Amino acid sequence: MEEAIVQQHQHLIESIIKDKFDFEPNDFTFHRFSSGNNNYVYCIDVSVARKKSRVARSSCISTPLTSPIPSDVDKVILRIAKSGVSLIDSVRIRNEVAFLKLGGEALAPMGNLVPRVYDWSDEGPSATHWILEEWKHGNALTKKDFQALGSQTKQTVMTQVAQIVGYFQDYSLPEHFIHGGITFDDDGVMFSVEPTIPCGGPFPNYYLNGWKDVPGLRKRIDAFFDQGLERVLDGVFEDKPTMIHGDLGLANLLFDPATYRITAVLDFNFAHIAHPVSEFLFSFLDFHGFLLSTIEPQGCLQGLQIKGFPDNTDDLDDTLKVARLWDHSLKDAGNKRPSTIPSAELIANIWWFSQELCEPFWLIERWITSRTKEKLAKTKAQSAAKLD
Numbered sequence: 001m002e003e004a005i006v007q008q009h010q011h012l013i014e015s016i017i018k019d020k021f022d023f024e025p026n027d028f029t030f031h032r033f034s035s036g037n038n039n040y041v042y043c044i045d046v047s048v049a050r051k052k053s054r055v056a057r058s059s060c061i062s063t064p065l066t067s068p069i070p071s072d073v074d075k076v077i078l079r080i081a082k083s084g085v086s087l088i089d090s091v092r093i094r095n096e097v098a099f100l101k102l103g104g105e106a107l108a109p110m111g112n113l114v115p116r117v118y119d120w121s122d123e124g125p126s127a128t129h130w131i132l133e134e135w136k137h138g139n140a141l142t143k144k145d146f147q148a149l150g151s152q153t154k155q156t157v158m159t160q161v162a163q164i165v166g167y168f169q170d171y172s173l174p175e176h177f178i179h180g181g182i183t184f185d186d187d188g189v190m191f192s193v194e195p196t197i198p199c200g201g202p203f204p205n206y207y208l209n210g211w212k213d214v215p216g217l218r219k220r221i222d223a224f225f226d227q228g229l230e231r232v233l234d235g236v237f238e239d240k241p242t243m244i245h246g247d248l249g250l251a252n253l254l255f256d257p258a259t260y261r262i263t264a265v266l267d268f269n270f271a272h273i274a275h276p277v278s279e280f281l282f283s284f285l286d287f288h289g290f291l292l293s294t295i296e297p298q299g300c301l302q303g304l305q306i307k308g309f310p311d312n313t314d315d316l317d318d319t320l321k322v323a324r325l326w327d328h329s330l331k332d333a334g335n336k337r338p339s340t341i342p343s344a345e346l347i348a349n350i351w352w353f354s355q356e357l358c359e360p361f362w363l364i365e366r367w368i369t370s371r372t373k374e375k376l377a378k379t380k381a382q383s384a385a386k387l388d
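In full-length UniProt numbering, the protein residues as written are 1 to 388.
Each hint can be trusted.
For each label pair, taking beta carbons as the anchor points, the in silico distance ranges come out as: (1) ILE88 x THR372: 24 to 32 Å; (2) GLU230 x GLU14: 53 to 61 Å; (3) ASP222 x SER339: 28 to 36 Å.
Simulated crosslink set (DMTMM-like; lysine to aspartate or glutamate; CA at most 25 Å straight-line): (4) LYS18 x ASP122; (5) LYS331 x ASP311; (6) LYS20 x ASP119; (7) LYS331 x ASP247; (8) LYS136 x ASP45; (9) LYS307 x ASP332; (10) LYS386 x GLU356; (11) LYS240 x GLU230; (12) LYS143 x ASP332; (13) LYS336 x GLU238; (14) LYS212 x GLU359; (15) LYS219 x GLU230; (16) LYS20 x ASP187; (17) LYS18 x ASP186; (18) LYS375 x ASP388; (19) LYS378 x GLU365; (20) LYS136 x ASP27.
Just so you know, these hints were derived from the structure itself, not from any lab. In this text the structure is predicted, and so the values were computed from the model without any measurement. The beta carbon of each residue, even a glycine, is placed where N, CA and C say it ideally should be.
Full structure from sequences and hints, please.
Shown next, in the form of structure tokens:
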């Protein structure tokens, strides 16, 4: 299977580079990054052709929301969509292209952090959908790398991420955008569409069986939806639709290794328009800024996220000290954060309740097939206990 994928990708890469640059296979090299849960990511080096004094084709823009390829470019990035990763294939490419465009505009005051899109395709089978984009210099930081940094350098990193959050929160979206994803027509006119994250069936797998095989649970769930959900939602304070990256963390940032300045913000796979608290339900896991629920508060972390952190850090462990540093970075940037967003705790509880109803990994066939029946049963039982 892996060999067939490699051959398929090689043919696709050769076709794209021939079309965009008019380069032959011996004019460039490429390698695949080992990381990438939802995409196959390739770095394509065309510097060999540059040394032969070859130039790219005329940069006539024909695909919506793309930028011309600079004549002196040496590297480009190709992201080929993986199928079967619990993302809606019909919207994911255009959604990401749109958010790369909007994200670049939102973060313009911080420089050119978001890769420009050179071309893209969502035609044919989902396994051949792709985005060709700008290569960005810089190194990734792992969670272990971050933990090893001194407090001042950690602060430098967090301050920049907080700035990014602020620019996303403050970005003025078109008034016709509603919660969900974004797509666009052949003229590049954007409009709202369903998000890339599946929000309803039917689904091919029925392992959970609608919770019908857990005595009494389905009856209580139905009663809540019939009699209690609307009343709970009435308590949610509405806020302006906000640009949400959906996976803002170290894995999707690049840094200058000498200064720890952010050089790139990557991967808008999960980007969407939503309530501002939504970012805290998807992002900041590295900073312990993931907004928790009251049923799994991780000690006092959830309470501190909602009510605020103390000034005295003597009684805080290392996890809480990092979480406090992140909270203060958001505060110093003037951003909305869980302790200042009305209904944040209620929204988080509703969100995590919905996740227990059907965790996203139940929609991923490769996740199910990689686990034994015993592990699947244990995972299901854990969710049932939380719902109960």
